[in-house]
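Asker: Chains A and B supply the protein sequences, listed in that same order.
Using the working numbering, read the first sequence as starting at 1 and increasing by one per residue.
Using the working numbering, read the second sequence as starting at 1 and increasing by one per residue.
Treat the hints with care, since some could be wrong.
[Stated by the list, open to error] Chain B side only, calculated, beta carbon under 8 Å to chain A, not exhaustive:
hint: 1; residue: Ile218
hint: 2; residue: Gly313
hint: 3; residue: Leu331
[Stated by the list, open to error] BS3-like, lysine-lysine: derived pairs with alpha carbons at most 30 Å apart:
hint: 4; chain 1: B; residue 1: Lys402; chain 2: A; residue 2: Lys206
hint: 5; chain 1: B; residue 1: Lys115; chain 2: B; residue 2: Lys198
hint: 6; chain 1: A; residue 1: Lys107; chain 2: B; residue 2: Lys65
hint: 7; chain 1: B; residue 1: Lys136; chain 2: B; residue 2: Lys444
hint: 8; chain 1: A; residue 1: Lys206; chain 2: B; residue 2: Lys198
Note that these hints are calculated values from the structure, not bench results.
Backbone N, C-alpha and C fix where the C-beta goes; we use that ideal spot for every residue, glycine too.
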Amino acid sequence: MILTFLIFGLPVGSSFRLIAEGAFSDKIAISRTLVAMTPMLLTGIGMTFAWRAGMYNIGGEGQFICGGLAGAALFQAVPSAPSWLLLLATCIGGMLIAVFAGWLQIKRGVPLVISTILLNFIALQFLDWACAGPLKDPVGGVPLSKRLPETSMLLRFDRQTDLHSGTVYALVIAALAYIFLFLTPEGFRIRLVGQNTRVARSNRMKPNQIQLGAMAISGALCGLAGGIEYVGISGQIGTSFSQNWGFLAIPVALLGSLHPLGVIASALYFGALFAGCNNLARYSSAQNSIIYIMQAVAVLIVVALGQWSRQRETKVHNE
Amino acid sequence: MATLRVRDVSKSFGVTRALRSISLDFQPGEVHAVLGENGAGKSTLMNILGGLIAPDGGEILLDEKAVRINSPRDARNLGIEMVHQHFMLVPNFTVAENLALSQAANLEPVLNAQKVAEPLLGAAKALSWEFDPEAKVAELTVGVQQRLEITKCLVSSCRILILDEPTASLSGAEITELFGVIRNLKSGGITVIIIAHKLREILTIADRASVLRQGDFIGTVEIANTTENELARMMLGTSEPPNQQNSRQEFGEIAVSWSGHQVRRGEILGIGGVDGNGQVELAEMLAGITNPPSDLQLPKNVAYIPQDRQLDGLALSMSVNDNLLVTSSLLDGRFVSPVQAQKAATQLIEKFQIKVNSSEDMAGSLSGGNQQKIVVARNLMQTPDLLVTVNPTRGLDFNAAKFVHDQFREAAANGAAVILISTDRDELALLADRTLYLARGILKATMEDAIG
């Protein structure tokens with residue numbers, strides 16, 4: 001991290017201070033952290049479901065976008081749709097594309113990693129087209145969809161900040177995800193299939209169905225993340241609707257050890273980094289790209305530290 | 001010609017003492033069996049000779065000179081070659097590439113696998129083994145893969161060949177063939193050290209046998225002057241005869257029937273035959289996993305113990321708790337309470353004497369016998385109407401195999417119809433009330449029918 005600052009010619013001490021201030025210093029900073037955490041928490045939980053089932057879903061971004069698109073399309077068709085209905089539509093949007101990728105793997109042998117990556121690109125192009133075409137707000141000149149009326153948006157807690165009830169929903173969903181994965185038979189089957197499909201099969205479970213189900217949940221959560229971003233923050237979708245939230249889901253989920261409670265912590269960490277580095281970019285000579293570089297460096301540090309302590313542990317264990 | 005002497009070799013893993021001051025000699029040009037139960041220290045000793053594990057103390061003498069074997073490369077330089085119990089082959093490589101890989105120390109920058117493999121293939125040919133150098137290893141049968149493993153060791157420098165359980169996954173005919181090759185190697189002056197579980201096999205092939213028990217050296221005997229019972233007594237430390245036949249009672253109603261075959265409650269039907277004749281397919285059909293034929297009548301509660309506990313039986317990186325939960329009725333409810341799951345697991349661990357430090361241990365960290373006990377335990381806990389199993393004791397030591405067999409007898413006594421599909425004729429003779437034989441997917445009345 002220090003090295004990164006030096007490379008960019010930034011003063012080390014004050015850079016750290018700017019990051020910390022941007023993430024935690026006051027009400028506004030904390031709300032920025034939580035607002036950035038929310039989509040990553042949902043997509044991270046989404047990844048957790050798929051990966052736990054042995055479905056290596058790389059398509060969080062595409063599912064996120066499809067969620068937002070489905071919500072915006074519903075709003076276009078039914079302008080009076082309440083926010084819960086919009087969110088439901090976003091779940092379905094994300095779910096459909098994820099289940100399609102799962103189906104391609106299970107029934108047609110297309111590796112999920114490849115199909116989900118490619119579907120990300122398709123979703124991105126589709127977003128560009130939709131925002132400039134059918135979903136475009138006829139009033140403005142920019143490729144953005146029509147803005148949701150205030151009544152369709154999620155509740156804001158405070159006029160000064162962007163913090164909205166979606167953050168609470170995301171935390172509740174993370175807790176429910178924990179209960180589902182670790183305390184219900186279905187969750188057990190998902191984890192079992194992910195560890196060894198053949199054991200599930202030889203005990204007369206249906207691995208394909210279980211894996212498709214996990215993909216459906218995964219896609220729905222990524223879609224919902226897009227939905228909450230749409231209904232909670234932006235109120236409209238444009239070509240830069242997702243700030244890589246679906247891609248970041250993978251490191252978030254892995255850093256959280258594919259455990260919903262761990263994912264809460266890692267999403268919070270990423271959220272704080274995002275808000276903090278934004279602050280750094282705003283008040284120093286650094287460009288915006290420093291945000292992503294710092295994120296990457298911070299993740300590598302955490303992973304390396306984890307690996308290092310594990311190695312020490314096994315060493316002690318062996319002695 | 002080389003004499004290999006092991007002197008006072010010890011090895012501990014943490015608090016477990018795997019070997020306690022072992023001393024034994026391997027004479028030039030003999031077939032020397034190393035016997036012992038799982039955990040007796042055989043594999044540890046072999047891994048020390050192969051340079052994979054460093055001993056804590058003691059020394060190894062080769063031709064009366066003390067040698068240090070710090071790596072498999074050292075072992076190879078001394079003329080010691082080792083075939084591991086689990087194949088060390090790359091499935092996606094060809095035969096030639098796998099052979100070249102075993103010569104990795106002498107490879108040129110531009111690999112011509114064929115050329116590197118040439119001398120090894122030649123040596124194999126001398127043993128009347130022919131390979132297609134271009135065949136992918138994944139497509140070879142287990143028996144041919146075993147030959148390939150041995151071929152990797154046929155370098156001209158090889159003086160001592162260690163075979164760790166070479167017969168574990170071979171059929172009867174393949175074992176006979178392997179033993180022929182071992183005799184050939186022996187007449188070429190190579191010392192063959194062999195680990196095997198089945199005493200009968202040892203009696204046919206070995207010249208001498210050394211017995212280890214729980215890390216202690218018990219003794220070395222001449223095979224010509226010993227008996228199966230004596231070896232068993234040395235291994236187990238008791239004079240109990242290896243197995244007793246249970247007296248059988250009357251059988252109950254028909255539990256399962258298909259294409260003219262039927263098995264009654266309390267009956268153990270053995271199904272023999274050479275591996276690869278449809279054993280797994282038959283088992284999965286009877287266990288209700290694959291598309292059943294229309295005339296298959298299955299009872300309600302069918303237990304299935306698959307052939308490969310590591311591939312089909314266990315999720316190795318999940319806990320013992322989780323693995324025992326797989327068939328549990330706890331999965332029928334809305335929620336699974338970890339407390340109840342743990343309690344149920346603890347009961348099974350106690351009842352089936354599964355050796356674990358904690359039920360949170362990963363299944364993969366247990367020994368083969370204890371792994372199989374998990375699969376057996378979770379299948380027999382809810383008194384099944386039908387138990388289907390394929391080679392359930394493959395690779396298990398005597399006590400673990402006996403335990404599994406006893407469980408099957410008990411299940412039958414409790415009213416289960418048992419279908420034991422096994423390529424091990426001894427196992428069938430021991431357990432089955434009657435035996436059918438599989439040949440190319442069809443059940444025959446006798447082994448002769450199946451072969452002919």
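Asker: Does each hint fit the structure? Answer for all of them.
Answerer: Cross-check of the supplied hints:
1. Ile218: violated (29 Å)
2. Gly313: holds (7 Å)
3. Leu331: holds (4 Å)
4. Lys402/B - Lys206/A: This hinted pair is violated, its Cα atoms lying about 33 Å apart.
5. Lys115/B - Lys198/B: violated (39 Å)
6. Lys107/A - Lys65/B: violated (63 Å)
7. Lys136/B - Lys444/B: Answer violated: Lys136/B to Lys444/B is near 33 Å, above 30 Å.
8. Lys206/A - Lys198/B: Distance ~38 Å between Lys206/A and Lys198/B Cα, so the pair is violated.
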